[in-house]
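J.: Here the protein sequences line up with chains H and C, keeping their order. When you line the first sequence up against this note's numbering, it's residues 16 to 334, in that order. When you line the second sequence up against this note's numbering, it's residues 26 to 232, in that order.
Calculated from the structure, these hints are not laboratory results. Hints are supplied without guarantee of correctness; some may be wrong.
As the list claims (entries may be wrong) - Below, a sample of chain H positions facing chain C; criterion: calculated Cβ distance under 7 angstroms:
no., residue
1, D89
2, S92
3, Y93
4, S178
5, V201
6, I300
7, V304
8, S307
Said to hold, decoys possible - Sample of chain C residues lacking proximity to chain H, with all beta carbon distances greater than 12 angstroms (derived):
no., residue
9, I58
10, T95
11, T155
12, A207
Beta carbons are placed, not taken as given, at the ideal position from N, Cα and C, and that holds for glycine.
Listed below are the residues making up each chain.
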Amino acid sequence: MLIKKPSDIRPSEITSKDNYLNRREFMRAGSISGGLALAGPAVSAVVPEARRSQLAGVGKSDFSTDEAPNSYEDITSYNNYWEFGTGKTDPYQYAQEFKSRPWSISVEGHAEKTGTFHFEDFIKPFDLEERIYRMRCVEAWSMVIPWVGISLAEIIKHFQPTSKAKYVAFETLHDPVRMVGQRRRVLEWPYREGLTIAEATHPLAILAVGLYGETLPNTNGAPIRLVVPWKYGFKGIKGIVRMRFVEKMPPSSWNMSLPYEYGFYANVNPEVDHPRWSQARERRIGTDVFASKSPTQMFNGYGEQVAHLYDGLNLRRNY
Amino acid sequence: MDTLRQVKLIWKPTIFLLCLVPATLVITDALEITGRLGANPIEEIQDRFGIWAIRFIMVTLAVTPLRRLTGWNWLVRFRRMFGLFTFFYVLMHFLTWFILDQSLLLAAIIEDVTERPFITIGFAGLLLLTTLAVTSTNGMRRRMGRRWEKLHYSAYAVAVLGVWHYWWQVKKDASDAQIYAAILAVLLGIRIWWKVKQKKARPKPGF
Numbered sequence: 016m017l018i019k020k021p022s023d024i025r026p027s028e029i030t031s032k033d034n035y036l037n038r039r040e041f042m043r044a045g046s047i048s049g050g051l052a053l054a055g056p057a058v059s060a061v062v063p064e065a066r067r068s069q070l071a072g073v074g075k076s077d078f079s080t081d082e083a084p085n086s087y088e089d090i091t092s093y094n095n096y097w098e099f100g101t102g103k104t105d106p107y108q109y110a111q112e113f114k115s116r117p118w119s120i121s122v123e124g125h126a127e128k129t130g131t132f133h134f135e136d137f138i139k140p141f142d143l144e145e146r147i148y149r150m151r152c153v154e155a156w157s158m159v160i161p162w163v164g165i166s167l168a169e170i171i172k173h174f175q176p177t178s179k180a181k182y183v184a185f186e187t188l189h190d191p192v193r194m195v196g197q198r199r200r201v202l203e204w205p206y207r208e209g210l211t212i213a214e215a216t217h218p219l220a221i222l223a224v225g226l227y228g229e230t231l232p233n234t235n236g237a238p239i240r241l242v243v244p245w246k247y248g249f250k251g252i253k254g255i256v257r258m259r260f261v262e263k264m265p266p267s268s269w270n271m272s273l274p275y276e277y278g279f280y281a282n283v284n285p286e287v288d289h290p291r292w293s294q295a296r297e298r299r300i301g302t303d304v305f306a307s308k309s310p311t312q313m314f315n316g317y318g319e320q321v322a323h324l325y326d327g328l329n330l331r332r333n334y
Numbered sequence: 026m027d028t029l030r031q032v033k034l035i036w037k038p039t040i041f042l043l044c045l046v047p048a049t050l051v052i053t054d055a056l057e058i059t060g061r062l063g064a065n066p067i068e069e070i071q072d073r074f075g076i077w078a079i080r081f082i083m084v085t086l087a088v089t090p091l092r093r094l095t096g097w098n099w100l101v102r103f104r105r106m107f108g109l110f111t112f113f114y115v116l117m118h119f120l121t122w123f124i125l126d127q128s129l130l131l132a133a134i135i136e137d138v139t140e141r142p143f144i145t146i147g148f149a150g151l152l153l154l155t156t157l158a159v160t161s162t163n164g165m166r167r168r169m170g171r172r173w174e175k176l177h178y179s180a181y182a183v184a185v186l187g188v189w190h191y192w193w194q195v196k197k198d199a200s201d202a203q204i205y206a207a208i209l210a211v212l213l214g215i216r217i218w219w220k221v222k223q224k225k226a227r228p229k230p231g232f
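My request is simple: use the sequences and hints to build the entire structure.
T.: Structural data, given as structure tokens:
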């Protein structure tokens, strides 16, 4: 799968070819080419124009919801990405200059094919699909997000896990120089997450590489992140650099940090409250200030597709 | 003009208006004149009123130590105003939650107040502070006599409940709440210190 530029490339966009230029470099380049006027919108936009580029060959999916997606601005300015700070707008503020290329991902553990791959090579064998999913945060707010991603099941099939592989573990980049939030030990870095093989090979699970048809912005986990729409948002590990096939349930960051509040499964469940707040209802971001919260659906509304994965599992105990 | 007249005619109205700035900014940010409230405006409004309530109770509790340390007795003229602004911001914080966040759904509100400890604590603080606000008039003070002093010592309890409520609701990173807890510890600690010193200095009355 090729990631192509649109054909009508403006001079200002040539400087952003590799999608990792920082703003200062962009402005300098802009002024050299006489395109200083373009620096204006680049600064005011949520993600500077210079660092946004279209993804080519993105297919549609039946898994997409027909609910109206949240605005690009809401999706990229209200994030929990503690690698860039604990405030909701911290990633918007501190992730802008982050360079997400070059990037490599290492695949390890119980699989026939392992190794370290350039991000571009890692995603090359797979089809890109738009998946418009509901996203329910454990903090009782939600969004609808038009991801562009790759079926995780396809990726897993590609690396041929052995029968010993019962879980897939993921890790985020650990680089306190580039990720300022990691300079404080608010969580034990690197961020870790995991899924059972059955969950990871479910057709709804994807690794997202794009948003709104463009490459994934830094605020949302560039260049590649996990999206499992029936689970709380914190399961969707961002900035993935490691994928490991393991036999035992891998540690996951929030569970390690506050085990009585966050479990390994973290399935959206309106009947099992967080110890400190209710999970029965959620605030949909982008709705009117006077709109009331809407009821949270079991498995975030994906129960029909995923409930069978948890047959016989006590969901109250395995939160 | 003497200091007291200056305080009454210039400083009190000026400080009063300054105290209204955070509330005004909520409105002008909502209208996108001065700034923005972001993707989750209800949370933002609620958080801002809440944090200003905490700041105002700290300011209120700082009046007496500051007065004692500097000898500026006129400072006490601002104490009630700061206390009432604390009440105002707590009330706005509560109303944002009650009206906008919970959409006046009484069942959900009762469940939250009774089942979520951090909300129970916050609610208890609001009730206590309401009592203080209602009894803050000169007339009430005169009528209640000594009991007034006793009742108004619970301002310390309000501050503790407020910081506790703040600390307990954050997901994990409580560093901001910890800063306020430290400030409160200083404000309460200095009072205890003075009390102990006073007791030591004053010989016990003999019969």
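J.: Against the earlier hints, flag every one the structure doesn't satisfy and list their numbers going up.
T.: Hint 4 contradicted; others consistent.
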